[in-house]
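Residue numbers (my numbering), protein chains in the order written: chain F, 2 to 192; chain P, 261 to 351.
Calculated from the structure, these hints are not laboratory results.
Keeping only pairs whose Cα atoms sit at most 30 Å apart, straight-line, the calculated DSSO-like set for lysine-lysine is:
1) F:K78 / F:K139
2) F:K78 / P:K280
3) F:K114 / F:K139
4) P:K291 / F:K166
5) F:K135 / F:K189
6) P:K337 / P:K350
7) F:K109 / P:K280
8) F:K50 / P:K350
9) F:K109 / F:K139
10) F:K109 / P:K281
11) F:K71 / F:K57
12) F:K37 / F:K71
13) P:K330 / F:K37
14) F:K37 / P:K351
15) F:K79 / F:K127
16) F:K127 / F:K139
17) P:K338 / F:K37
18) P:K330 / F:K139
19) F:K189 / F:K79
20) P:K295 / P:K273
21) F:K50 / P:K351
22) F:K135 / P:K309
23) P:K280 / P:K295
24) F:K189 / P:K295
25) F:K71 / P:K337
26) F:K135 / F:K114
27) F:K71 / F:K139
28) P:K337 / F:K69
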Amino acid sequence: MIPKTHQLEPRNWVATHADYLYAYALARINDEEQAKDLLQETFLAALQKADNFEGKSSERTWLTAILKYKIIDIYRKKSSGLVVYADVQRAEQEQSDFFEPEYGHWTKEHAPKSFGIDDHDPLVNKEFNSILQKCMQKLPALWLSVFTMKHMDDETTDVICSELKVTQSNFWVIIHRAKLNLRACLQKNWI
Amino acid sequence: MVTLKKIQNNCHKATFLIEKKLIGKITLREKIELKIHLIGCGICRTYQKQTIRISQMVRQLFSDSANAEKHLDDTFKKDMQHRIEDELDKK
Numbered sequence: 002m003i004p005k006t007h008q009l010e011p012r013n014w015v016a017t018h019a020d021y022l023y024a025y026a027l028a029r030i031n032d033e034e035q036a037k038d039l040l041q042e043t044f045l046a047a048l049q050k051a052d053n054f055e056g057k058s059s060e061r062t063w064l065t066a067i068l069k070y071k072i073i074d075i076y077r078k079k080s081s082g083l084v085v086y087a088d089v090q091r092a093e094q095e096q097s098d099f100f101e102p103e104y105g106h107w108t109k110e111h112a113p114k115s116f117g118i119d120d121h122d123p124l125v126n127k128e129f130n131s132i133l134q135k136c137m138q139k140l141p142a143l144w145l146s147v148f149t150m151k152h153m154d155d156e157t158t159d160v161i162c163s164e165l166k167v168t169q170s171n172f173w174v175i176i177h178r179a180k181l182n183l184r185a186c187l188q189k190n191w192i
Numbered sequence: 261m262v263t264l265k266k267i268q269n270n271c272h273k274a275t276f277l278i279e280k281k282l283i284g285k286i287t288l289r290e291k292i293e294l295k296i297h298l299i300g301c302g303i304c305r306t307y308q309k310q311t312i313r314i315s316q317m318v319r320q321l322f323s324d325s326a327n328a329e330k331h332l333d334d335t336f337k338k339d340m341q342h343r344i345e346d347e348l349d350k351k
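Isolated chain F (complex conformation):
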């Protein structure tokens, strides 16, 4: 049996894939203008690469892979440089008094308390989601990139570490710290 090969039809890309790819980008970078730019770049890059398309994957899968690569590139740019360092320092400062210095016990002030996070009311959830989004945006770019790649695309730890150039041990520290700040932010804002 001859495997089915896929064809590219660039003249239909906008009609067929633009909304899908836009939603894909927006979910990952949360910036409408940047998502639009990425979409344009993706289509133009795809045209350049069209001759290399082997038809092994569907047109949409192929376009999404190009877009994804561009998104990771943005993560990488956002997560390097001096500004980022200050960003991370600020976030680390935020959690510096979460635990007692000697044995690492929670401090009274920051100990987790129940705050109705188990509420399943869809209306309440909607409100909760907007707080969740705001709290995520407060995370340093590198932490958010690691966190997003893990929770949205379920990338393996190895892939995330090599794409974002973090060590395995640093990866776990980032996951832990991101979660500590995120949870604290939710508790603070959800009452």
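Once you've looked at the hints, dock chain P against the given chain F.
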């Protein structure tokens, strides 16, 4: 006794292990340490419940937003269409 006390009181380490266990693997020794800690620490039990829930909500949020019908405006689409056609005609 010092080590046991360290395990019992170290919420910083316990929350680290909770996070690591949630998306990766922890060693048998770490599992036992965490278990001992959680038996004695209600605060970290609360933390564990909440952090599992937060991960679920984050995943849900991401999949909702990826599936949301986000529609681009027509002007943008038309521009994009023109650009693609221009590029194709150049070839």
